[in-house]
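Listed here are the chains, written in short residue letters.
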Amino acid sequence: MKLTLRVWLLIFVLIFSFLAIAPWKVLDSGVLIKTVNKTSAEYEAGLRPGMTIHSINGNSIKNIVSYTQTISEIFQTAAQQKITLTTNKGEFIFLADNSPDITISNVPASRLKTGLDLSGGARALVKAENISLDKGQVGDLVSITTERLNAFGLSDIVLKPVSDLSGNNFMLIEIAGSTASELKDLLESQGKFEAKIGNDTVFIGGDKDITYVGSTGQDAGIYSCDEYQSGYTCQFRFVIYLSEKAAQRQADLTANLSLNISSGGRYLEKPLDLYVDDSLLDTLQIGADLKGKATTQIQISGSGIGTTQKEAFEDATAGMKKLQTILKTGSLPYKLEIIKLDTISPTLGKEFTKNLVKLALVVFVIVSIVLFIRYRKIKITSLVILTMFSEAFITLAVATLLNWNIDIAGIAGIIAGMGTGVNDQIMIVDESLSKDANRLPIKERIKSALFMIFGAFFTIIAAMIPLFWAGAGMLRGFALTTIIGVSVGILVTRPAFADMVERLGEN
Amino acid sequence: MVISKQNVSNWYDDHYKIVLFIPITIVAICLVYIVGFYIQTGDIMRKDVSLAGGTSITLDGTIDSAILELKLATIIPDVGFRKLTDVTTGRNLALIIESSVSPEELKNAISSLGINLTEQNSSTEFTGPSLSNQFYKQLMVALVISFILMSFVIFILFKSFVPSVAVIFAAFSNIVISLAILNFFDVAISSAGIAAFLTLIGYSVDTDILLTSRVLKKKEGSVNKRIFGAFKTGILMTGTALAAVLPGLLLISGLPVSFKQIFLVLAIGLSADIINTWMTNAGIIKWYCESKNIK
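Top line first, the protein sequences correspond to chains P and H. So the first sequence is numbered by our numbering: it starts at 67 and just counts up by one. So the second sequence is numbered by our numbering: it starts at 5 and just counts up by one.
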């Protein structure tokens with residue numbers, strides 16, 4: 067059979083889709099780095115999210131299992147070890163006495179990205195409390211929040227502005243593998259940091275007043291842990307550098323303070339109070355020698371508590387990290403309200419994926435049987451089925467190219483598209499194989515089928531368009547894949563299918 | 005009497021107007037039922053937590069749900085349960101617990117009954133009441149816009165009033181019948197369910213477009229023959245669509261709830277479409293052809 071231009075177009079698009087999805091990646095081995103703690107030795111050594119680890123100290127790493135096994139073998143003792151990581155971006159060497167402060171995942175089996183409801187993670191839809199934001203304000207909010215979450219070591223995140231039919235603007239946050247409580251903590255505190263002497267503000271969080279926030283080595287750390295009441299408390303401290311303007315403000319404010327007599331004149335009468343979101347975090351006494359001086363270096367301290375020393379240590383570390391983040395990134399411009407918060411367990415997502423594949427196979431078999439019973443021709447039946455799968459495959463490829471995560475709603479959309487596709491093909495086959503005595507030439511009949519198909523195409527597009535905006539775009543995935551599916555159908559697969567059926571009809 | 009094509013055709017010629025009124029009566033009954041539902045509940049459908057606001061927790065694995073359900077209902081009065089079961093083995097895959105309270109409150113209540121909730125064994129979905137309210141309103145607006153856009157397309161396609169209205173009426177009837185059936189069985193509709201209604205608008209008019217184009221745009225054979233030809237193609241189209249949708253409802257278990265709802269709405273809607281296309285729409289088209297003397 068001579069291939070027509072339309073059939074060639076279909077073949078070309080299919081090859082292109084294959085390249086876009088890259089299913090051969092399933093053969094790749096190694097583990098993908100998802101996040102690297104910015105205050106860790108690994109980060110200092112140059113390790114970054116997105117790299118693929120191929121071996122550790124010469125042991126080849128195939129997947130998460132071999133990674134975990136290798137790491138636990140290396141750190142059997144608490145002694146410090148030299149770690150040599152071979153990645154796709156080169157070799158990294160560092161010393162560590164514990165497993166690397168990174169999170170990892172298996173390398174993806176293709177370029178296809180699955181949504182949160184299939185891979186697990188947390189998602190929040192956020193709006194500003196009491197005010198409605200315009201597009202520009204939400205844009206700013208997204209960039210500041212991104213910075214804050216990145217500073218906190220969360221990099222595998224999706225943040226985007228979304229709007230709905232009534233013109234409300236929201237921020238959507240998705241974090242793979244994260245928990246809802248973590249996300250809630252990060253978002254619900256606005257992170258407004260203020261250092262005050264009495265009622266006067268000396269400096270606030272953000273790079274305008276603070277030029278440097280210490281995070282490693284001598285500049286930051288937990289320095290003591292003690293028993294406290296029925297539990298433990300651990301103290302942290304870190305160094306920050308103030309801008310000259312902020313330092314001058316401090317000098318001006320301290321110039322008029324007298325000495326605190328009860329401390330024996332060692333400190334000034336008023337301390338420096340640190341507030342986070344209007345609640346007092348800590349009070350620092352100001353040394354008498356700092357009176358009226360523009361000091362740029364300041365040591366910030368705080369504490370964490372717990373029932374065990376380990377818990378207190380972890381609490382202090384988390385508290386320090388949070389404070390460092392706030393000081394680095396400044397406060398969020400608005401107090402946020404979480405209006406939708408979902409956590410999806412990765413186990414359930416895996417179960418869903420497995421069952422969806424099972425479903426696809428069953429549908430494939432049943433639809434094939436129905437078509438075969440009707441037409442009794444292997445050629446036509448397989449042509450319809452092949453076209454149906456080509457359509458789904460091309461839709462997935464387009465979604466991949468658009469960097470769209472395929473979620474459950476998206477898969478439902480693909481199935482809706484496949485359903486319309488099969489319907490259209492049945493129309494083409496029935497038109498072209500009509501046995502009526504007064505029938506028109508095959509070209510005319512296929513033309514008439516294409517009229518109906520275009521009609522059906524425009525009605526489904528018309529039906530899907532409002533879903534793009536309704537409900538903050540939460541069902542956009544469904545609308546998008548349906549529209550891609552039927553568009554691929556009308557532009558690529560349907561014309562090719564019509565040509566192939568025309569050939570079959572002529573024969 | 006021998007049933008032949010000719011007999012059927014003659015019978016249809018004599019009785020099609022009566023046949024036409026069967027589905028119209030069904031639609032009328034459904035409309036009355038929905039109005040009654042509205043008067044009783046204050047809404048045209050029962051909404052799930054994604055549209056009414058609240059928390060839904062999915063607990064993976066086999067759990068002795070009977071005791072949990074009893075105990076939880078004493079702590080949280082408006083709690084509701086759904087089970088995901090494996091159809092073949094009857095094994096519980098997951099338990100879905102829903103309530104209008106906050107996630108913390110529901111989690112605490114579940115934990116107080118000795119069930120350890122972790123991020124690994126459970127999924128939580130929370131929708132605030134203000135958002136869900138907006139969500140619902142907007143999806144309804146989307147549904148209306150969809151319908152209007154679809155009607156435009158149909159008018160542009162056929163350029164004549166009666167056949168276009170017949171197609172639009174069939175789509176409307178599909179929605180009304182499906183909604184009445186869902187209400188009757190007390191199914192709580194989610195946002196995915198409303199998306200399925202939108203799909204139904206686009207999906208179910210395929211067969212109506214097929215019927216109207218075959219009857220009005222073609223000249224092969226008689227009107228009855230063309231209707232029957234369209235019926236043969238159309239019923240296969242709806243049949244394959246149902247073949248794609250039903251396994252997800254009946255054979256394969258452990259699919260996401262939102263997915264099942266989309267399939268449920270489509271299955272009911274496509275079944276309703278069989279009568280609305282081949283009894284109502286076909287009758288109107290035949291009547292129209294007779295009055296316009298189209299042969």
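It is possible that some hints are incorrect.
Straight-line alpha carbon distances no greater than 27 Å define the calculated BS3-like cross-link-like pairs of lysine-lysine that follow [claimed, not checked]:
#: 1; chain 1: H; residue 1: Lys111; chain 2: P; residue 2: Lys250
#: 2; chain 1: P; residue 1: Lys401; chain 2: H; residue 2: Lys111
#: 3; chain 1: H; residue 1: Lys299; chain 2: P; residue 2: Lys513
These are computed hints drawn from the structure, not numbers from a lab.
Comparing the hints with the structure gives:
no. : hint                    : verdict
1   : Lys111(H) <-> Lys250(P) : holds, 15 Å
2   : Lys401(P) <-> Lys111(H) : holds, 26 Å
3   : Lys299(H) <-> Lys513(P) : holds, 22 Å
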